[in-house]
Each structure stands twice: as C-alpha cells, then as structure tokens.
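> Those protein sequence lines, which keep their order, are chains V, P and C.
Going left to right, the first sequence walks through residues 1 to 427 as the UniProt record's numbering numbers them.
Going left to right, the second sequence walks through residues 1 to 427 as the UniProt record's numbering numbers them.
Going left to right, the third sequence walks through residues 1 to 427 as the UniProt record's numbering numbers them.
Rather than coming from a laboratory, the hints here were simulated on the basis of the structure.
Identical chains blur together in the list; that is why a pair holds if it fits in one copy or across any two.
Below, computed lysine to aspartate or glutamate pairings styled on DMTMM-like, alpha-carbon distance capped at 25 Å: (1) K379 - D56; (2) K379 - D113; (3) K9 - E163; (4) K9 - D330; (5) K9 - E316; (6) K379 - E403; (7) K379 - E283; (8) K9 - E39; (9) K379 - D410; (10) K9 - E205; (11) K379 - E316; (12) K379 - D400; (13) K9 - D325; (14) K9 - E341.
Being a predicted model, the structure only gives us computed values, none of them experimental.
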Amino acid sequence: MAVVSEPGKEMYALVERLYPLCRSITGDGVRATLDIVGEYLPLQVHEVPTGTPVLDWTVPREWNIRDAYVADAAGDRVIDFAASNLHVLGYSVPVAGTMPLAELRAHLHTLPDQPTLVPYRTSYYAPTWGFCLAQEVLDALPEGDYEVRVDSTLADGHLTYAEHVVPGQVPDEVIVSCHVCHPSLANDNLAGIAVATFLARALAERSPYYTYRFIYAPGTIGAITWLARNAERIDRVRHGLVLACAGDSGSLTYKRSRRGDAEIDRVMGHVLTTSQRPHEVREFTPYGYDERQYCSPGFDLGVGSLTRTPYAGYPEYHTSADNLDLVSPDAMADTLAVCREAFAVLDRNRRYRNLSPYGEPQLGRRGLYDALGGRSDTKQAQMAMLWVLSLSDGEHGLLDVAERAGLPFDTVAAAADALRDAGLITT
Amino acid sequence: MAVVSEPGKEMYALVERLYPLCRSITGDGVRATLDIVGEYLPLQVHEVPTGTPVLDWTVPREWNIRDAYVADAAGDRVIDFAASNLHVLGYSVPVAGTMPLAELRAHLHTLPDQPTLVPYRTSYYAPTWGFCLAQEVLDALPEGDYEVRVDSTLADGHLTYAEHVVPGQVPDEVIVSCHVCHPSLANDNLAGIAVATFLARALAERSPYYTYRFIYAPGTIGAITWLARNAERIDRVRHGLVLACAGDSGSLTYKRSRRGDAEIDRVMGHVLTTSQRPHEVREFTPYGYDERQYCSPGFDLGVGSLTRTPYAGYPEYHTSADNLDLVSPDAMADTLAVCREAFAVLDRNRRYRNLSPYGEPQLGRRGLYDALGGRSDTKQAQMAMLWVLSLSDGEHGLLDVAERAGLPFDTVAAAADALRDAGLITT
Amino acid sequence: MAVVSEPGKEMYALVERLYPLCRSITGDGVRATLDIVGEYLPLQVHEVPTGTPVLDWTVPREWNIRDAYVADAAGDRVIDFAASNLHVLGYSVPVAGTMPLAELRAHLHTLPDQPTLVPYRTSYYAPTWGFCLAQEVLDALPEGDYEVRVDSTLADGHLTYAEHVVPGQVPDEVIVSCHVCHPSLANDNLAGIAVATFLARALAERSPYYTYRFIYAPGTIGAITWLARNAERIDRVRHGLVLACAGDSGSLTYKRSRRGDAEIDRVMGHVLTTSQRPHEVREFTPYGYDERQYCSPGFDLGVGSLTRTPYAGYPEYHTSADNLDLVSPDAMADTLAVCREAFAVLDRNRRYRNLSPYGEPQLGRRGLYDALGGRSDTKQAQMAMLWVLSLSDGEHGLLDVAERAGLPFDTVAAAADALRDAGLITT
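Given only the sequences and the hints, what does the whole structure look like? Please build it.
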C-alpha cells in the first residue's frame, strides 16, 4: 500500500478547506481562498478596480452572491445554491420572481449525457442568470410555476489576485501560475493551488538560483491583468509553468510552450522521461489554461503547463464529480515531486565555458582522474567530466550534456561543480 | 458506376480532336493544336525565328512533314505515316530512294520487348531520318528492296508557343506549363493540355489572388525559349506547376520542386493528403518534364510537377498504346479537381500579423466567442481563430496554421477572414 | 577459402616484427618501433625533451626498462618481464628487495573475471611500481617472501613521435593518427600502425588531392605534444582519421567526429554503407583514442576514428590475449581497403559551380547526350550529369550529389569530370 507522504496529506487538507468556497473571477470567494493560502505562505494581494484597462480587456464588475434557489409551489428548494455553489451560473445577475417551468428552462443547464451530474457554467461577459442541475433532477420537475431567486451583486469593485516570491540568486524569474476562479471543483484547480503552495515552501528551503514568482489569479482575466501590470517584469521571466488538474489519478501530462523547445520544455521532458513515470508530452495548443496568455505571440514566454489528466480530458471535468474523491494526497505529492525535480534541474542548467579547450586538461594532476591507466571500466563521474569539458563551448548547457552523454543530470552537474572548483570551466 | 463529369467529357472531347495532329517541337502541328485550344481560351501565340539564341540553346529549324512511307516491291506501303504519325522519327530529314532491307534496318526503330507497339522516337538535333514500327511487323518483312520516302521540310522558320493569362489581384504569378510537342500520344500530353485549358477557365470564374499564366510550349526548347524571353518576368513567378500525363487510370503523383519545400510543394502535399486520395509525393530529380528547366539552379523556381502515373512510369509510355483508350474523362476530371483545390489553397495562404498579440484579444465582445463559459466542446471555428491569432506572427501562413492545428484549411481561412474583418489581424 | 592479399600478408609480417617490443609513452621501445616502420616509409622522427610544456600537460620523464621479475624463495622467477612485457606495470619505478606476498599483493594486478589472462596496466603520472599477472598464477603462489626487482630508469629524456607526409596537390591536410605506446598488444595498436603504414604507401602511388600527414605518436601525451607543436598547421587540417584496433575479426566501426557532420563523417558513412559491409557508425564520445584530443572543443577538428571492434569492446582488450592470434591479414586488408576507398572519395569530393545555370545546357551539341530522343532508359551517366548540373550551386559537393541522386560516387565524379572538361562547371 502506498504510504501517504506528509506533503500529500497537508496538500489534501488544504484542498478540503478551500473546497466549499464559492470562487469566481472576482469577489469574496477569491479573497477567502487567498486568506487561507496566506496561512501557508505570505502573499502579496492585489486589488484592481473594475474598469481598469488590461491589454485588450477591461476588469469587469465584481460579483458576489449570498443565496440562490429555485423553489416549487410548495416552497421547497428544488435547486439550491446552499447545497452546492455549482448550482448557480457563475456571474448570474440578480433575479427574483415566479415563472412557469417552460419559461425557466431557457435558464437551466444540464448534462444530458451525464444525467446525475451538475455542470459548471459561467457567463462572465454577457449579463444573464441561470441555474445548473442534474438532468435527472430536471426530468423529475413537474410543470408549473417556480419561484426563482438569485441574491447576487454585480457592481463596481475589484479583481483580486496574489503573488508570492521566493527570492533567488539572480533576478531572472520563473513564474508558476495557477487559476483560483473555479468554485467547488477539487482537481480543477484546488489541487493546482495546493501543489503550487507547497512547491513554493519547498523552494524556499534551498535558496534557488532563479527567483520564483507564484501567481494565484483568476483564469484568463487574471493572467491578462498580471501581464498588463507587469510589463516591465516580462523581460525578466525566463521560464514558467502553469499548474492545473494536479491531483487526479491519471499520469502526468506536460504541454509544451508555444516555442516548443524552450528550456522548460526540455527540462520537463527530461525529468519525466528519466524518472520513468508513465507520462505524456503534448505540443502547444492555444487552448487550455493560462499558458494561452503567457504564450500569446507578443509575449511568447517559455511557459509550459503541467497537469495530470489534461484540460477537459476526464469525464468529471467541470462537473460536480470533480470533488474531493477525485483527488488524492499521493497524486498531489507525485506532481509536487516532479516539479521539485524539474526546478532543481532548471536551477543548475548552466552553460559553462571550458578554460582549457585545447586538448584535454590533465585531470590526473588535479586529482580528478584515476592514476592507474589501462582499465576499461572508467567511472561514470570521469565520463561526466570528459563530456562537460567536451561540450562546454558556450553552446551547450548541462542538460544538453546529460542528454547527449546519456548520463543522469545530477552526475553531470556534480562533474561540472568539480571542474569549476578546479578552475577548468566557468560560466 | 462513376458519373462522368461535364468537364471530364469536354476535356476528353478536346483530347480526341488533338489526337490525330502531328506535333513536334516546331511546325504546323503545334500551330493547329494551339488553334484548337484557342477555341476554348484566348491565346497569345508567339513565333520565335530559327537561329534565335535562347539561353545555352538556339531555336532550331522548323520541321514540317506531308507524307512518309516504306513500300515493298509491290508498291504496298508496309510503314505508313498516314496510318500513324508515330511511324516517322520526329524531325526526319527528307529522303527518297530505294534500298535493301539490310541497309534500311539502321533507320528502323522497334520495341523488341513490346513487339506489337510502335515506339515514339525523335532526333531533333542530329539530322537523320528513320521509321518506327512494331517489332512483329519488322519481323514479317521479307528481305529485298524497299522504296523509302520522307516528304518533309527542315528549314528556317519558327518555334511556336502560346500563353494565356488569368489576371489576379496581384501581379505575382503562378505559371502552369504543359508540353505541346508530342504527336499522337494521348496521356503524354494531350491530357495535360486539356486539364490546363479547363483549369484556366475555372480560375477565371473566381477572380484569383495570383495572376495565373498558362504556357503551352514544346518540351525543353519551348520552356527554355519562354525562360529566355521572360527574364524580366521571372522575379514575379512565385509558384508553378508542370502538368503532364494527366489522364491515365493511375493515382496522382506530385513531384516536388528542386527546393523541396516551396510553397507549392506544401500546398500540393496538403491537398493530396487531406483529400484522402491515394497518391504519391516524390522528391525532385533533374529529369522528367519542363520542371527541369524551371528548376535549373539559376532560376530555381518553386515549380513542381503533377501527373497521374509519372514520367516513363507506365508500359504504354512513348508508344502507340498511349492512345485514346489510355485516358479517361474521370481521370482528367480528378486531376482538374485537385489542381483547383490546390490553387484555392495557394490563393488564400496569406501570412497575417496579429494586431493584438499581447494576451488573447477579447473575442467575446466582438461576437466571435461563445458567451457561455465552462463548456469543453469548443467549436472548431473558435479553435481556428485561436490558432490563427497564436501563429500570426509574420512567420506562419494559414497553411502552417492548418497543419499545426490539424484543422481543415477552409476552416482556418474562414477564421482568418473573420479576424481580419474584426480588425484583429492584417497581412 | 579467403585468399590472403599481398598487403594483408605484409601488414601481418610487420605486426609480427613489432609485437615483442616493449613500448610505452616514451623510451627505446617507441624508437625501435619507429625504426622498423621507417623501413617501410621515410619517417621524420621528433624527440621532445622531458619538461617541455605541451598545452595543459608537460612532457614526462622518459622510461626504459631492462628487466623485472618476482622470484620465489627458490630463486625461480614466478613473474618475469622476459616472458612478456605486459607483466610489468608501465612506467614502474625501480625497485629491488624482498617482501612477503601479503605486502607484495598491493602491487599485483590481475583480472579476477579472466583468471588466465595478464592485464595491461600503466601508471604514467603517479610514480609507483607493479606487476601484472594471471589470477590463477597469483592464486597458486604460496605465502612467504619474494624477491622483487624492477630494473628500470625513469629520468629526463625525450618523448618520441614520428610523421610521414604524402604530398598532395593542395596544402590542405588530412591527418591519419595511430598510437604507438602499447607494448605487446597486437590489435591495439600494432594493426593500426600497420594499416596506417600501408595506407601511406598506397596514397603515394596516386598523387592525392590532399596532403596526407601520418602521425605515429604515443596516446594522449603524444597527440597533445603534436597539437602543441603544430599550432600553425592546425588551420590547414581539413579532415582526419584515428586508426586503432584495425585487425580483429569484428566488423568495422566508425566513430564520428565531435562535429558529427564533418565531411569525413559523411564520407566514411557513405563508403561503409555503399560497400555493403556489415558495419556500425557511432556518435562521438569524449572517450576512446586520440580523437579525444583532435576533437577537443578548442580544436574541434573533423577527425573520426576507424576501428574494427571498437575501443574496449572485445574481451581480449588490454590483456595478454590481444596477441598475434587475434589479428589477421584479411581483417587488416579489409580495413586498409575501406580507408583507401574513403580517401579516394574525400579527394574527389569537390564543390562545383554550374557555369550555365539558367536552364539546362545543351549537352547534345557537346557530345554528352544521346542524340536519339524519346527513349526512357536514360543512362546512369547522363542522369549523373543532370544531377551534377542541378546541384552545382556552390552549396553541394559531389558526395551530396551522389547521395541525393542515389548514384555511385564514382559515376558522379566521372560526370563532373566530363562537365568540367566541357567547360560547363568549375570549382
């Protein structure tokens, strides 16, 4: 039986706390979520006013909801926000009245092919209201009049997002981005939020090379807002990763950046392959999570996306079945482990220059080579040194060396450390 | 049963009319051919005098033939030009006399491996005379004296070729070239002439983007003459296609340009693949039809070649069996359809520039995106728009988009139209 | 039965003569070896004093040995240099004394997995002494005292290497390098020395295009010394080949240069493939023979390595079983034949420029093309001419032509000669 790791348990507990909150792209649900994450990490929370122009978009009005229901003639709530926040179409405008089922149907959303599940639906930019419910519940509703109530507010306010920075040895940044706008959906994206949070904590423990910036923002409009407000920082972003669907039982899927051969793409491919996990690497498409924004052609950042089962790839996706049963501590721990390993490679993937490039330097007199000649079982560590020397021509990084040599990255990085300490290579 | 299309029937009727004429690289057979084509399309006919230097060559003397035969002692014609113009070696000089079969044999050409067929042979640049006949006919000839007569003229005159231009929206040109020098051979190249002719008519109906120039010219020396006389136009030639062997029952074969990755190569490959026709794409070789001249290294034009069974690839090739039975209306209609589809793609394969490249533009407020969020079955049209936006960076054309996105070209082109109309992209 | 070729017999005889000599990286064994090679080829012998700085290294003290043994209490030599020079650790410092077996063991080297064989071991740069012996001999030695004697000299002197130059039509050089530092090991590298020697003689017979420089030098320090002393010549080195393990019964292995696509890499790959020999082509690794030095990133020469069974790839490697039985005249003759063929291709692999690049030149009037047209069985020689004309654009060499055309290199080279003689192409 798998032993659930401590971080796995802690991440699962965080998901459990966040699950009931009614998040959207704005509003108090996001703030409550960031408050809880803030107990794990210090967060810099940003509030951006409604109407602020952000790239081609405008920050929308803020939406908050207190209650919503459809009640039958007897006054019984047949659809009830209090039972699940998925029952309300996201960004529903206020409504109060009575109407026959025939008229109400235009505002009801179901999944005919998954009749027991409640779909997740939103209408951020076209003002309307609606309810989501199981097809089988809808089928059981008798015709007749129903009381309809959405007690919401759609008004000028703010869009809320947060950042946490793990300072590095250099100002060059790696961004890790996760969306915080989905209501009670566990895998999409509470698991991503949890993994990002524990990843930030883990990175802080080892004083990373790069500066790591964690972005908790609503999908699309949040990433666009961050990009709009950080124009001066973009040039510092060297790499990035969007984390989503990080806790289901599927194997890992890495989706490459638009560039397709960005360093993060090569690092993730290397780590997933050499770890011998079952996994899939997919080419970029301009659909999915916020890599859409970071990889838009004007920015074209080296940002990939890591999920377990990818975007829209599982039957529970965007339904009430994306609940606490769908995610597990082990799966989140596994996602976290791969992220940690990948960033450990990324942080050490330097390009060195061989300071003694004419012929091999005499490693033996520097204590780096076996004195006894003639043996054919040269050690891996010595092979790694020869490879680093051979490829340290300013064009190859240590990951290139590891892949061309067929050696573990750690062995190559250790060889580079030894050679650097001996004054034979330099960055 | 296949229903023969109207263009198929009409093309076949054209082939039937052209079949009896005795064409060569010069002479009245070419003029008669162009006269008939001229009934379908207005042609600009060019007459280039003998002795005109054209690139490394010189326009040869003009050849015309009235009669030719070999008659036995009884006066019976055992080989007769009147029965088939293939019986005379092309460009035979005049001869009249009597000689024993033993002496005549040096002037007789047969196909020992295909003893019932008459071969097609020429001697354009080495003055001689000869007859072509079936091996089995030769074998049956008794020894003895024969009367030999070639009533031909080889004298200063002209080389004849013609052009037809379908004007486009831009002066950049696509050339479509077919050779008109072969005598009674149906597939090679009356079928090519017929497809080119009906292709020109089809293009004229849709006001194409490119200007399409159709070249009807004798093989090799005709293409060389055209190139020599159009030095100032070459820079305008963006793409081209040589049409030959367009009517046999084999599947389509596209031969790439010398460049190998010219736009016409990609377009033809895309259309043949996505049309799910059986087909073959071959690499360039410097042998075959007039792509040899257009793709010579000094010009290196993006000109490919479309045939059904390729050059010299069928047993009837350059024999009396390349007759009206070898070609069919359906096959020509199929070749025509692929050409039309390919040029439709070529004409729309623009490169656009995303005018809103930082983040995604808000498609929803422009009516280009579903208002209701959360659904995973995003429509192909919306995916096409996202792909066009993502790749409209000045480096990718719409064909690149279609191939990378795995979407039909038409869907991508329609998405580009919508985005252009919304002011989001521009050429 | 294979008929042993004359060069095969002669090369084997040379190996037999060289086999008994005790070579090392310095000393009289190298000199005696070069004296014998000098009977076959005039050699320029270089003596480089101890202490000379060479790149990152220093020429070491010179080592010579007269006798060495371990004798038991009865005075019987249980390990004896006179029986095989492999019994002494290369570069053993002088020692004379008596010690118990328990103490002696630290200086004894065996191969526990190959208990009947004597290993080859050296300690060039860490002063020590030692003996090599079969494990089964060691196992049979009774405990007790043994007399130990190494009668060697390690003193200032010289490092010796030699060169032989086959002058070419151009000063650009091809280097052929073989190591001469191994004692009684037949395949590694007496076979390499023999093949190099007979290759030089064969090249001299045909007045090669390139200047060929043969380097006979001790491994590592010898190549480094040559590189250090020939800084001004390096720029003239266009190609190179390291020859080793040239006589065993395995198939040929070519190891690419560090560049991976150097011309020598392409030539060797072409020759090995088209010769239809079983063979293997391996990517560069920074381990093996002196290609390590020639391909170090500061030089990065186009130098590959040809062996039969590669470095450390056979069980007899660096043991007493790498003896005269391991190598054969036929295997050496085969290695020699491939080298000759490869250098014949290399010498003719020119890049030509088509002087008549606009359209095809009229080959017929230059006597280069069949007068009779219409035949489909165009000869290979004519196809080769068309290919050379098509690709002679300054970017393709004749090997490119041969590979793209799928024609034998010799046919392509002959076509290029004919076109050059006709004034149609030039280098």
